[in-house]
Amino acid sequence: MSENTKPNNERPADLAVQDSVGGMARRLLNPAHLRDLAGRSVKTLREQGVEQLWRDVKFRVGLAMHHDDWRHRADIPLRRELKAQRAAHLQGPKISIIVPLYNTPAKLFDEMLQSVVKQTYTNWELVLVDASDADKRLERCLPKAVPGTIVYEPIENGGIALNTTRGFALAHGEYITLLDHDDVLYPNALFEVVQTIQNTGADFVYSDEIVLSADLKELGGYHFKPDFAPDYLRGVNFITHLAVFSRPLLDAAGAYESKEFDGAQDHDLILRLTEKAQRIEHIKKVLYIWRAAAGSTAAGMEAKPYAVAAGERAIDAQLKRLGLPGHAMAVPDAPGAFQVRYELTGHPKISVLIPSKDHIDDLDRCLTSLYKNAGYDNFEVIVIENNSTDPATFAYYETLPSRFADCRVVYYKGAFNFSAINNFGATFAEGEHLLLLNNDIEVLSSDFLRELLSYSQRPDVGAVGAKLYYPDDTIQHAGVLMGINGSAGHSHKSYPRTAVGDMYRLVTTQNYMAVTGACLMTKASLYRAFGGLDEEKFAVAYNDVDYCLKLWQKGLLNVYTPRAEAYHYESKSRGLDTLSENAKRYEREKANFYAKYQQYIDNYDPYYNPHFNNLFENFGLK
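Going by our numbering, 608 is the number at position 608 of the sequence shown; the sequence numbering is gapless.
Errors might be hidden in some of the hints.
Simulated crosslink set (DSS-like; lysine-lysine; CA at most 30 Å straight-line) [what the hints assert, rightly or not]:
(1) Lys349 / Lys554
(2) Lys259 / Lys276
(3) Lys83 / Lys58
(4) Lys320 / Lys554
(5) Lys217 / Lys285
(6) Lys107 / Lys285
(7) Lys276 / Lys554
(8) Lys83 / Lys107
(9) Lys118 / Lys136
(10) Lys622 / Lys596
(11) Lys596 / Lys554
(12) Lys285 / Lys554
(13) Lys83 / Lys136
(14) Lys285 / Lys58
(15) Lys622 / Lys58
(16) Lys118 / Lys107
(17) Lys584 / Lys413
(18) Lys217 / Lys58
(19) Lys43 / Lys622
(20) Lys144 / Lys107
(21) Lys622 / Lys284
(22) Lys136 / Lys107
(23) Lys144 / Lys94
(24) Lys537 / Lys357
(25) Lys622 / Lys493
(26) Lys118 / Lys58
Everything labelled a hint here was simulated from the structure, so no lab data went into it.
Taking the hints into account, I'd like the entire structure generated from these sequences.
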């Protein structure tokens, strides 16, 4: 990944790494825990064998001693798995592995080579294009007999893009993958890829990966990736390795066609390949070791500053191909991460819907900050009054038309029902886009409405959400994840405001299944076509996620943008969901939500990853 993410040391505490010797002892003395442990141990022994059971024991003891063994989390295949794969003699397409060489140290070359030779899938071709200085070429290091085929060609050094393109020309495989000259494949890598191709018909496949030190002993970082997310890919090349694609797909997308993307050539290629791909599949296993050698981009984009400019050009080129007016900007202090500023393609009206009951200080702060930081002039505000009791509230309403342009109050007379209130307010809306906005929001970023609109205007986008903070400057919302605690939760909750997040997810635009209704923009036409928020099953909770999921199920993208920022003084207006009658109502709505979306809750969210726990919202590891 030429656009590597740094390990984020600002992750909030995760129970998985808060173990202790005393805690382990207490669990072992608890009969219920002992029974559970015994049951899990028997299951592991039966299904995965002694090797995995021993790994689990070492890992848990290590945690108690405050030593986290990264190998446990890195999907290293068991010996029994590899033996079974070799015995299967899987028949499938030839995979051409393209490796551009340039003054590669012999030791690193041999480790890379052996990782290919030891593949449990044997229908492969290793294509070596060697642009090294004459005295550093490696033809002499090639083995005499290997399970697959080795093609070696010395070439003049034309730069990484041209060198790799020459490798493509030499390849005979039906599928192609790239391997850096100092990196390493897991022995099951090609087997897993071919199985995926055969099971799904995919023409583009990628896997998770880990970054290790030059000696392959120290962890540099995990890259546990989401399924394909086009907006995220424009923000950072999260796919990188191991990417495998069909020859027809490469022919359709084109190889490395210009040196202007050198340094971000992989990002450019993957952008073009995924544009043309018919089916993209993500293998949720680590299959690739990216070596963080000195001077490599795995060690940080600071090693190659020219790559940042090349990344901007690669993203801009895609925007032009897709007819999306806009330009990429590097994210400060996040080398290899980018944000896209889309141009507005018209001047549509936005209708901002703000439910309100008393708490006029909250409402005033919300309105004042919105009008100050909208960054866009064509909008109206509809305050939806719902059963206020304080006379001061109504006196305040009288002042709104003179203080805030195109701001009016409408009156909803029923009991509190967040969905019904917003649906009622939407009947008064004149805008082409609706912004559902809680009255306890304080807008921070200077072009708030403009930023949300720049995504909402896209025909492929259903809903857009903002980056919301608690008053203590920790993350409240950065997208919604399915499956958290048996329902849904907020991405990166409680991370510091300054954190970049896992693989730069907090500072780059993300695709999620849903965003929060505390601040949600959508097209008015979509809102009406999908029936607005569900007033019956989700009167207060989960109505926003339900609405977003309906959009997502129809093929629309839901987007979180970090460039729209606000404080969210959560639950001041209606109280906490954990109290008295609110708790009972919440549990009913949670049950309704589970019944409707069980498949997405019980199986991992495609924009998350099974390596992360689903007990917390902090991207903590299992």
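Here's how the hints hold up against the structure:
1. Lys349 / Lys554: Holds. Lys349 to Lys554 sits at ~25 Å (cutoff 30 Å).
2. Lys259 / Lys276: Holds, because 21 Å separates the two Cα atoms, which is no more than 30 Å.
3. Lys83 / Lys58: Distance of about 23 Å is within 30 Å: holds.
4. Lys320 / Lys554: holds (26 Å)
5. Lys217 / Lys285: holds (19 Å)
6. Lys107 / Lys285: This hinted pair holds, its Cα atoms lying about 27 Å apart.
7. Lys276 / Lys554: holds (21 Å)
8. Lys83 / Lys107: Status holds; Cα separation ~27 Å.
9. Lys118 / Lys136: holds (25 Å)
10. Lys622 / Lys596: holds (27 Å)
11. Lys596 / Lys554: It holds: about 16 Å lies between the C-alpha atoms, which stays within 30 Å.
12. Lys285 / Lys554: holds (28 Å)
13. Lys83 / Lys136: Outside the cut-off at roughly 36 Å; violated.
14. Lys285 / Lys58: holds (21 Å)
15. Lys622 / Lys58: Between Lys622 and Lys58 the Cα gap is close to 15 Å, so the pair holds against 30 Å.
16. Lys118 / Lys107: holds (16 Å)
17. Lys584 / Lys413: holds (23 Å)
18. Lys217 / Lys58: holds (17 Å)
19. Lys43 / Lys622: holds (18 Å)
20. Lys144 / Lys107: Roughly 18 Å between the alpha carbons, so the hint for Lys144 and Lys107 holds.
21. Lys622 / Lys284: holds (14 Å)
22. Lys136 / Lys107: holds (13 Å)
23. Lys144 / Lys94: Status holds; Cα separation ~20 Å.
24. Lys537 / Lys357: holds (22 Å)
25. Lys622 / Lys493: holds (17 Å)
26. Lys118 / Lys58: Answer holds: Lys118 to Lys58 is near 27 Å, not above 30 Å.
Hint 13 from the earlier list is the only one contradicted by this structure; the remaining hints agree with it.
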